[in-house]
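Peer 1: Chains D and L supply the protein sequences, listed in that same order.
Numbered per the working numbering, the first sequence spans residues 1 to 153.
Numbered per the working numbering, the second sequence spans residues 1 to 241.
Since the hints were made in silico from the structure, they are not lab data.
For glycine and all other residues, C-beta sits at the position ideal for the given N, C-alpha and C.
The reader is advised that the hints may include incorrect statements.
What the hints assert, rightly or not - One side of the interface only, derived from the structure: several residues of chain D facing chain L at Cβ under 8 angstroms: (1) 28; (2) 47; (3) 79; (4) 82.
What the hints assert, rightly or not - Sample of chain L residues facing chain D (criterion: CB under 8 angstroms; computed from the structure): (5) 18; (6) 47; (7) 89; (8) 136.
What the hints assert, rightly or not - Derived Cβ-Cβ restraints for the label pairs, each shown as a range: (9) L/77 <-> D/70: 36 to 46 angstroms; (10) D/69 <-> L/60: 33 to 43 angstroms; (11) L/83 <-> D/33: 21 to 31 angstroms.
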Amino acid sequence: MLAFNFFGATEGGLFDINATLPLMAIQVVALTYILNSLFFKPVGNVVEKREKFVSNNIMDAKNKLSEVEKLEADLLSQLQSARSEAQKIVSEAENESDKLYKEALELANNEANASKEKARLEIENQTSSARDQLFKQADDLSELIVNRLILEK
Amino acid sequence: MFLNSLPTNFAALEVGQHLYWQIGNIRLHGQVFLTSWILLGALLVFISLGTKKMENDPKGLQNLLEFLWDYIRDLARTQIGEKVYRDWMPFIGTLFLFVFVSNWGGALIPWRLIKLPSGELGAPTADINTTIALALLVSLSYFYAGLSNKGWRYFEYYVHPTPIMLPFKILEDFTKPLSLSFRLFGNILADELVVGVLVFLVPLVLPIPVMFLGLFTSAIQALIFATLAAYYIGEAVEEHH
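Could you build the full structure based on these sequences and the hints that come with them?
Peer 2: Okay, structure coming up:
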C-alpha cells in the first residue's frame, strides 16, 4: 500500500499521499506532449511565421525607403545640374546675342563711315572739279577779255 | 466531516475526505482525476477549437490562444533565457495552463451540486498529491535541464560563489519542491475552505468578494508556479563566469 498519513488518520486526511501522485505526474507529462503538438507547435508556427512576415515587410519597406531617398537625391542632383546647364545656355546665348549685336553695330558703323567718307570724297572731288572748271572758265574768260582788248587795239 | 445532513447541503464542508478508487493493490483519489479529466477535456476542446483553422489574420479564439502563447513565451524567455527557452516553453506553458485551469475550474464550477459517495469534487490542485507531482516534475526538469545543457559542470552551481554554499544549495533542492507544492496546495485549499465556510455561515452576498479574491489568488498562484518553475530551470542552465 502506497498510502501513508502524516496526521495519524487510518484513512483519508489532507496529507494522504498515494498512487495519485505518480499517476498525476504521468498525466501532466502526457498533457505536456499533447499540448505541445496541439497548441504550442501550431500556434508558435503561425505566430513566428507572421513575425517573420512582418519583420521582412518592415525590412522591405526600409530598403524601398532608402532606395526612394537615393532616387530623390539623384533626381535633385539631376535637377540641379539641369538648372545650371540652363543657366549656362542662357548666359551663352546672351553673350552670343551681345556679340552679334556688337558685330552688327560695328558693321553698320563701318558702312556708315565708309559711305560718309565716300560722300565727302565725292563732295571734295566735285568741289575741286567745280573749282577747276571755274578757274578754267575764269582763265578762258580772262583770255577772251585779253584777246578782245588786244584785237580792238 | 460536518453537517452533511443540513438542508443547505451544497454548503457542507468535507475536509480530508476522498473518493477512493482501488485498482489492484493501489488506491487513488478518484475525485482529483474526475475533476482534472473534466477540466483538461474542456481545455483541450477549447484549444482544438481555437487551432482548428489557423489563419494569418487571427480572429476570435485563435487570437486569444495566440495571446496566451505569447504570454507563456515571454514568461519562459525572461526566466530561462534566450538560448534554451524554446525547449522548455511547452512544459512551463503546460504547468501554467494546468494549474490555472485547475484553480479556476475548482473555484468557478459549482462542484458541490454533484454528489459523490465519499469526498467532494473540487480543484485538483487542492490535493497534495497533485501539487507534489507538479513540484517533483519541476525538480526533475531543472536537474535534467542543467545536466543536459552543461553536463557534469552543472554541479559547479553548488559551489558557485564559494564552497561554503554547498550545504545551502543541497538544502535548496529539497526546499524548492517543498515550497512549490505546499504553496499551491495551501493557497487553493485555504481558498476553498474560506469560501466553503462563508457560504456555510452566510449563504448570501458575503462570500462573493471572497470568491473574487479566490479567483485572483488562483490566477496568481498559477503564474507564481509557472514563473518559479521557469526560474529554477533558468538557474540550472545559466552559465557562470
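Peer 1: Would you mind marking each hint as holding or not holding in the structure?
Peer 2: The hints, checked one at a time:
1. 28: 6 angstroms, holds
2. 47: This interface hint holds because 6 angstroms falls under the 8 angstroms limit.
3. 79: 43 angstroms, violated
4. 82: 47 angstroms, violated
5. 18: This interface hint holds because 5 angstroms falls under the 8 angstroms limit.
6. 47: Holds, about 5 angstroms.
7. 89: This hint holds: residue 89 of chain L lies near chain D, its Cβ roughly 6 angstroms from the closest one there, short of 8 angstroms.
8. 136: At about 6 angstroms, which falls below the 8 angstroms cut-off, the nearest Cβ of chain D leaves the hint on residue 136 of chain L intact, so it holds.
9. L/77 <-> D/70: 36 to 46 angstroms: The hint (36 to 46 angstroms, Cβ to Cβ) holds, given that residue 77 of chain L and residue 70 of chain D are roughly 38 angstroms apart.
10. D/69 <-> L/60: 33 to 43 angstroms: 41 angstroms, holds
11. L/83 <-> D/33: 21 to 31 angstroms: 23 angstroms, holds
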